[in-house]
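Given next are the chains, with one letter for each unit.
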Amino acid sequence: MSEPKRLHPIAAVINCIKQLKELIIPFLVFVVFGSKNGLFQLFASLGVIVLVLIIGILTWLRFTYRLEDGELRIEYGVFVRKKRYIPFERIQSLDLSEGILQRPFGLVKVKIETAGSSGEAEAVLTAISKSQATIIQQALSFAKDGTSIDEQEVVKDEKETILYQITPKELFLLASTSGGVGVVISAVIAFIFQFEEIIPYEKVFNGLENFISSGVLVVSLLVFIGFLVAWAAALIGTMLKYAGFTVKKNEDDFIITRGLLEKRQLTIPLHRIQAIRISENLIRQPLGLSTVYIESAGGSATDTESTREMLVPIAKRNVITTILSPYLPEYNLETSILSAPRRSLKRYLFRGFVYMLPIMAVSVLFFRPWGYLSLLIVIPAMFLSYLKFMDAGWKVDHQQLTLRYRTIIRNTIFMKRNRIQSLVMKESYFQNKNKLASIEATVMSGSGGTGGRVVDLEKKDVEGIYEWYSYTK
Amino acid sequence: MILEPQKRISKKGLTVWRISGAMHSFFAFLVSGAAIALTIIFDWPGWIIGIAVLTFLLYAYLFIMLLPTIRWKRWRYEVRENEIELQHGVFIIKRTLVPMIRVQHVDTQQGPILRKYQLATITVSTAATVHEIPALEMDEAEELRFFISKLARVADEDV
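In order, the protein sequences belong to chains A and B. For the first sequence, full-length UniProt numbering begins at 1 and goes up steadily by one. For the second sequence, full-length UniProt numbering begins at 1 and goes up steadily by one.
Take these hints with a grain of salt, some might be off.
[Stated by the list, open to error] Cut-off 20 Å, straight-line C-alpha distance, at most; resulting in silico cross-link-like pairs (PhoX-like, lysine-lysine):
#1 A:Lys130 - A:Lys5
#2 A:Lys435 - A:Lys416
#3 A:Lys426 - B:Lys150
#4 B:Lys116 - A:Lys459
#5 A:Lys395 - A:Lys435
#6 A:Lys21 - A:Lys5
#7 A:Lys460 - B:Lys73
#8 B:Lys116 - A:Lys435
#9 A:Lys130 - A:Lys346
#10 A:Lys416 - A:Lys395
#11 B:Lys150 - B:Lys11
#12 A:Lys433 - B:Lys94
#13 A:Lys435 - A:Lys346
#14 A:Lys169 - A:Lys316
#15 A:Lys426 - B:Lys94
No lab work stands behind these hints, which were simulated from the structure alone. It should be emphasised that the depicted structure is a prediction, and the values quoted were computed from it without experimental measurement.
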């Protein structure tokens, strides 16, 4: 496949739509604040649209890719012509996804990630046929293993095993306990404020007064319905996003597929896994449910600053172990975690109190008498601090360091010694007096780092971890 | 108790920190001066002058005398065959371990003050973190950079 190939024409449409989407805001500004002469505006905007269309088509015409000499060669650019050659060995992963526009034509979008590309993909093939994508995949694995394509195919078919597949019940649980509800509510509020000037608030408020006089019950019912709707929207959003979540394993990759409207496929090479993180949010924890993430180096980044990929969206703790341990035998997920000593509780509580102090001080000083209500914050703050204390913990088994800590969500991070980039032991004057210390371990994730930090552990323990990590015995 | 790292950074580093502390303090001086001038012009109560002077003195004492001294005393490092160990921090003592095989690259750098005193700062980067040893003698820094980069080259795993 050495002759240059174009993307499917639908790529031009997708690009145009993307361009136009970005133009919407400047366009609105232009229309709203523009001159009174409607004709000029009409022509100008039509001109812009035509320009976008032409550029979109030209971009598509100019964009070619080919596989040649063990490289993926892409040539593109309308005014400035660019060539980008990516050697197969440098390609870390291919990220296949099917958007709404790709699906009817049986096309896929292929993102090509190299180790250096942080955030944005090194190259994106917006729309190519599935068979083309398979050819690229095969060429890649051929270049990496040296096995012939047919052999590879056979081996793959045999070795591919399904690790995990989400059940409808789990999907519902996942969606109903996710934090997405808050996001939707704030989006609705933000949206309302956007149109502050358009919505006749006075009328609405007059209406509201009538409402209120007609009974508190009605108002609270309406508020309740509003929340219910927001929750349902978040629910549906999350369910669409994670529907059909499947984790497969072939020879040395995890392959994650998910999504109903927009299908995503993600490949995580096992040897690039840096750490495993188990998170339990405040709603899921009492139900005994948790989420497993993989921190991996490079690869397809969904959020820019770290490549944290969900491996098991929601499951009971013991189920997680049964699912994962055959595939990640080097990680011991059932380790017994050692807690912080009793005497560090007062430091946890004190810290929780100190963080709340400014908020309370400001509200008490400036918003009397209602500001006194802010003193009530102490109760949840103390409760959270207590939880943080209870959850702080560590364990070293053989080559694995496990740290457990809570921000609001409880995190347990499992790291191998040879994946930890650096280890920091901290002790302040007061910690030293109490024979306490903090520990912080960093592993690589995406282009940056992530890790765990546990404060106020027994100093002897922290020193033990430090010695365990040290290469000088 | 594990032994703390042995090597100290250059004594001249202390001087450099004092100088940059003095530079900060100049801004503190300007602010206090402005406060005093305003107090005199607008006839504000006299205690403001007192507080302004005290603040400035305290600031200057902290940033020229006390903090650089503690910082310098605390700063220790050790570059061994297989790892780099750092210890620093004024109020919170931080001890960091960076295994040699995790080191991706080493830089030395110099600002104008450091250059005047023939000093340099070494920056050690891993795939996820960046660590700094400030104010080393220039030839020592150069030597260390070669040493680290030579050792770091040995291992090349998947990050």
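| request: Of all the hints given earlier, name the ones this structure violates by number, lowest first. | output: 2, 3, 4, 6, 7, 8, 9, 11
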